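Dock chain B against chain A, hints included.
Each protein sequence line maps, in turn, to chains A and B. The first sequence begins at 4 in the numbering used here and counts up by one. The second sequence begins at 4 in the numbering used here and counts up by one.
Hint data in this document are derived by calculation from the structure and do not stem from the laboratory. A portion of the hints provided could be inaccurate.
Any copy, or any two copies together, can satisfy a pair, since identical chains are not distinguished.
For lysine to any residue, the following SDA-like pairs were computed, each having C-alpha atoms within a straight-line distance of at most 20 Å [unchecked claim]:
| hint | residue 1 | residue 2 |
| --- | --- | --- |
| 1 | 213 | 249 |
| 2 | 213 | 278 |
| 3 | 277 | 249 |
| 4 | 277 | 257 |
| 5 | 213 | 250 |
| 6 | 300 | 313 |
| 7 | 213 | 247 |
| 8 | 277 | 253 |
| 9 | 109 | 322 |
| 10 | 213 | 312 |
| 11 | 108 | 253 |
| 12 | 277 | 250 |
| 13 | 108 | 97 |
This structure is a prediction, so every number in the text was calculated from the model and none was measured.
2 protein chains.
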Amino acid sequence: MASSLFFTHSHCYSSSTSLVFRLHRQLGVAPTSLRLSSSHVANVAAMAMDSSAKVIDGKAVAKQIRDEITAEVSRMREATGVIPGLAVILVGDRKDSATYVRNKKKACESVGINSLEANLPEDSTEEEVLNYISGYNDDPSVHGILVQLPLPSHMNEQNILNAVRIEKDVDGFHPLNIGRLAMRGRDPLFVPCTPKGCIELLHRYNISIKGKRAVVIGRSNIVGMPAALLLQREDATVSIVHSRTSNPEEIIRQADIIISAVGKANMVRGSWIKPGAVIIDVGINPVDDPNSPRGYKLVGDVFYEEAIQVASAVTPVPGGVGPMTIAMLLQNTLISAKRVHNFE
Amino acid sequence: MASSLFFTHSHCYSSSTSLVFRLHRQLGVAPTSLRLSSSHVANVAAMAMDSSAKVIDGKAVAKQIRDEITAEVSRMREATGVIPGLAVILVGDRKDSATYVRNKKKACESVGINSLEANLPEDSTEEEVLNYISGYNDDPSVHGILVQLPLPSHMNEQNILNAVRIEKDVDGFHPLNIGRLAMRGRDPLFVPCTPKGCIELLHRYNISIKGKRAVVIGRSNIVGMPAALLLQREDATVSIVHSRTSNPEEIIRQADIIISAVGKANMVRGSWIKPGAVIIDVGINPVDDPNSPRGYKLVGDVFYEEAIQVASAVTPVPGGVGPMTIAMLLQNTLISAKRVHNFE
Chain A
4 MASSLFFTHS HCYSSSTSLV FRLHRQLGVA PTSLRLSSSH VANVAAMAMD
54 SSAKVIDGKA VAKQIRDEIT AEVSRMREAT GVIPGLAVIL VGDRKDSATY
104 VRNKKKACES VGINSLEANL PEDSTEEEVL NYISGYNDDP SVHGILVQLP
154 LPSHMNEQNI LNAVRIEKDV DGFHPLNIGR LAMRGRDPLF VPCTPKGCIE
204 LLHRYNISIK GKRAVVIGRS NIVGMPAALL LQREDATVSI VHSRTSNPEE
254 IIRQADIIIS AVGKANMVRG SWIKPGAVII DVGINPVDDP NSPRGYKLVG
304 DVFYEEAIQV ASAVTPVPGG VGPMTIAMLL QNTLISAKRV HNFE
Chain B
4 MASSLFFTHS HCYSSSTSLV FRLHRQLGVA PTSLRLSSSH VANVAAMAMD
54 SSAKVIDGKA VAKQIRDEIT AEVSRMREAT GVIPGLAVIL VGDRKDSATY
104 VRNKKKACES VGINSLEANL PEDSTEEEVL NYISGYNDDP SVHGILVQLP
154 LPSHMNEQNI LNAVRIEKDV DGFHPLNIGR LAMRGRDPLF VPCTPKGCIE
204 LLHRYNISIK GKRAVVIGRS NIVGMPAALL LQREDATVSI VHSRTSNPEE
254 IIRQADIIIS AVGKANMVRG SWIKPGAVII DVGINPVDDP NSPRGYKLVG
304 DVFYEEAIQV ASAVTPVPGG VGPMTIAMLL QNTLISAKRV HNFE
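If we strip away everything but chain A, and leave its shape as in the complex, we get (with noise of 0.2 Å):
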């Protein structure tokens, strides 16, 4: 039964190395095939409400996005020679980091924006990380920090990460970021990534947010909690669901916005969902597929196919949420330079 398996992945989130995640980042800088002009994006807006097409297309939002970083990193560089700059910070030799770090740096590029990299190995020490991060605190042509997670098990990730000055957190995980979007009259640095992914990809299908009855699933620092306080911040009516929740079905039917981030290939069944309401789901999960050349595919936290006959909307998996994660560190790294050069 679907509900007695409910959340046996619901701490993947919890951790930064979690697959999901993981592969959620590395499908942010996916190869966007498909280049769609910003009124194509407007059309697939107006057909999302339409009962044929309820697709949210993540991969045109966000090259539509990095389109828009790439103009305003010319326009900044133009009036004030300033070139925004975001650090990347590897430790050890994982082969997946390297990819992530990799697609990062390729995507800076893509809009102009500079990266910078530190490879450390393995065995290094934390004092020699924390030096790392020290001089991009203090080198003001880096405007963004982001270490690559997870780091060797020796080394205390919360010391490190919180070694990272606030103004560059564009990570937006320092709980000083977290206080202040949590707080009314309080307005964080930066967002974190992928839940603004979320909220963004709402705004540019004009979804309305006040007043719905929202539900977030799964509680994580990295998605679910912010997803919940963004969409608070918005005038939602916000319930958070999660691994200890006695009648996750009933609840999740209550919403008119969905935003899965749990991490359980196909959860969210149809009859879960009510009829016309919205679904951003996060979870990127392999499940085994033979006819694939890979022998898996990836499926989100909502069953899809049902999903669709249901929902008004629903971002696919992949193609929804993932390409949006890299757009808004690039973003986020603009509004970074942006705000410490004065720059509108």
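Below, chain B alone, put in the same frame as chain A:
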């Protein structure tokens, strides 16, 4: 119609100057004419689950907590020679503010905590206030600093509150504290007093939170939002209802635990309450009462006489959450002193 009036005063808690909050703080130190032993509290707890006695006695619990604090303060003083100290800064000559400060002073004295007080004239500069904060920040005999709100309008409240060292922020309103409260795997240095008092009442009455549906009414920085974060930390499934919620009654009716902090007299009717729910009523609202010598009486957000027929336990107003707030302030001051002196 009740629902059409809903949340007229919903933002009272957004400002620390609200009458509701001020009254609340004032009542936090109402003289406890009732002196109950801890066994009495346990009896009340048992009775609360009985249909004949559903009252959550905040006065008795607060008294018990103050007794515990008195014992701890004494134990600490004997073992280390250190006396916990709370500094309160009062700017201007508002009568109500002067009363709350006096009450806090009295409460400190009653448990053996040192209280320091700075009274600055209304026309002080922001810099003068900041100088006092800086002095208390550096004073090792001060373990908690509280700036009495509201400040005169020519001062920037956020600047002043941000100047309090986070290690002495016994109000728990610093965004870094709120961020840590929101994040899994992080712990705030201090939990804001009123929401902490709400949860403490549930604990002392052995009301289980884990897996329960909880609805928080109101999303203020001072009560609603941190109360929701606290409930979530204890594994409740939390929804926040606010002024933009289109169907509050429907959502509230699903709650096993209701925390109301909205400042609207008798708003939550009996028909909004699920039979057997537990209600923590933070609202303290004055309503006309010709029979009272003061011309008014105080009531909660919840229509008490109706609620008591449906709920399994309800906090009265006054005498529910009110007395808990200052008890929690004293507790936070003790926690701070213990932490800085590594006293367990």
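> Which of the listed hints are not met by the structure?
Replying inline: Violated hints: 6, 10 and 11; rest satisfied.
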